[in-house]
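Student: Going by the working numbering, 104 is the number at position 104 of the sequence shown; the sequence numbering is gapless.
Source of the hints: derived by calculation from the structure; they are not laboratory data.
Errors might be hidden in some of the hints.
[To be verified] With a straight-line cut-off of 30 angstroms between C-alpha atoms, the simulated BS3-like cross-links for lysine-lysine are: (1) Lys256 / Lys24; (2) Lys227 / Lys56; (3) Lys382 / Lys187; (4) Lys187 / Lys227; (5) Lys250 / Lys64; (6) Lys24 / Lys227; (7) Lys134 / Lys227; (8) Lys373 / Lys407.
[Unchecked claim] Now the in silico label distances, taken between C-beta atoms and shown as ranges: (9) Thr112 / Leu6: 22 to 30 angstroms; (10) Asp402 / Asn207: 50 to 58 angstroms; (11) Thr342 / Lys24: 16 to 24 angstroms; (12) Gly296 / Pro400: 36 to 44 angstroms; (13) Arg83 / Ser338: 34 to 42 angstroms; (14) Thr112 / Pro206: 52 to 60 angstroms; (15) His177 / Ala365: 30 to 38 angstroms; (16) Glu398 / Thr269: 31 to 39 angstroms; (17) Lys134 / Lys415: 43 to 51 angstroms.
No experiment lies behind these values; they were computed from the predicted model shown.
From the three backbone atoms N, C-alpha and C, an ideal C-beta is built for every residue, glycine too.
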Amino acid sequence: MNSLPLPEVLAPAGSPEVLEAALKAGADALYFGLSGLNARRGAHNFTPTDLPAVMKEIHSAGAKGYLTLNIDLSQRDLGEACRYLTVAADSGVDAIIVRDLATLALKAHFPTLPFHLSTQAGVTSSAGAIMATKLGLKRVILARELSFEEVAAIRAASDIELEVFVQGALCYSMSGHCLLASWGGGKSGNRGLCTSPCRVAWRSAPNGEPTRLFSLNDLSALAYVPKLQALGISSFKIEGRLKSAAWVAKAVELYKRALAGEDTNALLTEAESLGNYSGRTLSAAYLAGQRDSLTGEWARKAGQIAAFPQPPAPPATNAKEHETKPITPVKAQNSTLSLDLTFDEKGGALWHISFGTISQILRLAASPNTPAKRAITAAELKEYLATFANNLTVNLPEIPADYLLPKRHLAALNKELQNVLRLAQNQAKAKIPVSS
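Produce the entire structure from the sequences given, and follow the hints as far as they go.
Tutor: Okay, here's the thing in structure tokens:
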């Protein structure tokens, strides 16, 4: 009988709704980011003022909470990193997940905070794990590109806690080393702004048929649960801070049941519903030692993404005329620009922008006290959106009649629309289709 302690099931918490669902499903720990300095800035995330209440909720459920500071830090980020670490220590955060070793220069000032080395750091060997121990790290989150045998070799050579990804998306590049989103649109995945160019349909020749050459299958390591547990892996990590509460809850449930001894083959059949979310094939992938035939086409099934709850709309009022810089039209495109507007639990507006196969999400914080003279009405917004690109077909979102948009938010929306259209224009020039 295995006397080793059960690995924790570590769930993503991209929003309060997901955090609650993961805890109800039995997650042993959760990882989440604040509003900046994390690798999923497109998630809802939390604010520093949220953190004490978030940690209280997590600890009340008997779980742990890990804060992500898992991006490359610039010189100007160091002050903000210190502020995040301060509020984390004060709030009782159980560990900090870091990617940039510069963060460890701050470690001595926060002796109560354990540090975990992110998968973004790309640890792929026993030497990397041993060095992490010497640097004072408590845990290494191994690169997702390792085989089970490679994980076992690292475990045999080092006593540091090891965390292994078991479910969710995979990166075509080595985690933490991809520059494609930065080259193709100025949004670095290593700074938390990945636009998923690996999901793009690419042509391998000028006149070739577009295919998803780099879109990896999704990881599902349910079959490896007993073997990983026997190795003494400390944490089974579920990827997915951008996924729905229902998806995360189901993933947590499956791995808790696997650790309780249920037949993993039967659980793999149930796990197919997790693959439906992205439409991608599930695979043990690198963990199984597979190094080819890991990419493929995909198609998300309808109804897999839960709708965001709609908060009460702000009171109706008249707004004055506004001015904004017009969107630059994009030539050589026959696609439809589609916009959708939903709201998160805090009343923030989530603008879903898609053009052809490009997709972006922009979150604008709730501003219920914005004066009418500094906002535009829903009718004015619709008129603007319908006319800013005169050679495109535009699908307009459902906008509550009494919705007000602060002018400063209109500028941010304009900028994101410009970015989406610029990506499309670059794609058209290169004759390479782009996907979400």
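Student: Confirm or reject each hint.
Tutor: Comparing the hints with the structure gives:
For the hint linking Lys256 to Lys24, the alpha-carbon distance of about 12 angstroms falls within 30 angstroms, and the restraint holds. Proposed proximity of Lys227 and Lys56 is contradicted: the alpha carbons are some 34 angstroms apart, above 30 angstroms. Distance restraint check for Lys382 and Lys187: the Cα-Cα separation of roughly 28 angstroms lies within the 30 angstroms cut-off, and the hinted pair is therefore satisfied. Between Lys187 and Lys227 the alpha-carbon distance is near 38 angstroms, which puts this suggested pair outside the 30 angstroms criterion.
The suggested pairing of Lys250 with Lys64 holds, with an alpha-carbon distance near 19 angstroms, which does not exceed 30 angstroms. Distance hint between Lys24 and Lys227 is fulfilled; the C-alpha atoms sit about 27 angstroms from each other, no more than 30 angstroms. Among the hinted pairs, Lys134 with Lys227 is consistent with the structure: their alpha-carbon atoms are about 28 angstroms apart, no more than 30 angstroms. Using a Cα cut-off of 30 angstroms, the hinted pair Lys373 and Lys407 holds, with the two alpha carbons roughly 9 angstroms apart.
For the pair Thr112 and Leu6, the beta carbons lie near 26 angstroms from each other, so the given range of 22 to 30 angstroms is met. In this structure the supplied range 50 to 58 angstroms holds for Asp402 paired with Asn207, their Cβ-Cβ distance being about 51 angstroms. Checked against the hint of 16 to 24 angstroms, the C-beta distance between Thr342 and Lys24 comes to roughly 23 angstroms, which is consistent with it. As the Cβ distance of Gly296 to Pro400 is approximately 40 angstroms, the hint placing it in 36 to 44 angstroms holds.
For the pair Arg83 and Ser338, the supplied restraint of 34 to 42 angstroms holds, since their beta-carbon distance comes to about 38 angstroms. The hinted window of 52 to 60 angstroms between Thr112 and Pro206 holds, with their beta carbons roughly 58 angstroms apart. Checked against the given bound of 30 to 38 angstroms, the beta carbons of His177 and Ala365, roughly 32 angstroms apart, stay inside it. For the pair Glu398 and Thr269, the beta carbons lie near 37 angstroms from each other, so the given range of 31 to 39 angstroms is met.
Against the hinted window of 43 to 51 angstroms, the Cβ-Cβ separation of Lys134 and Lys415 comes to about 44 angstroms, which satisfies the hint.
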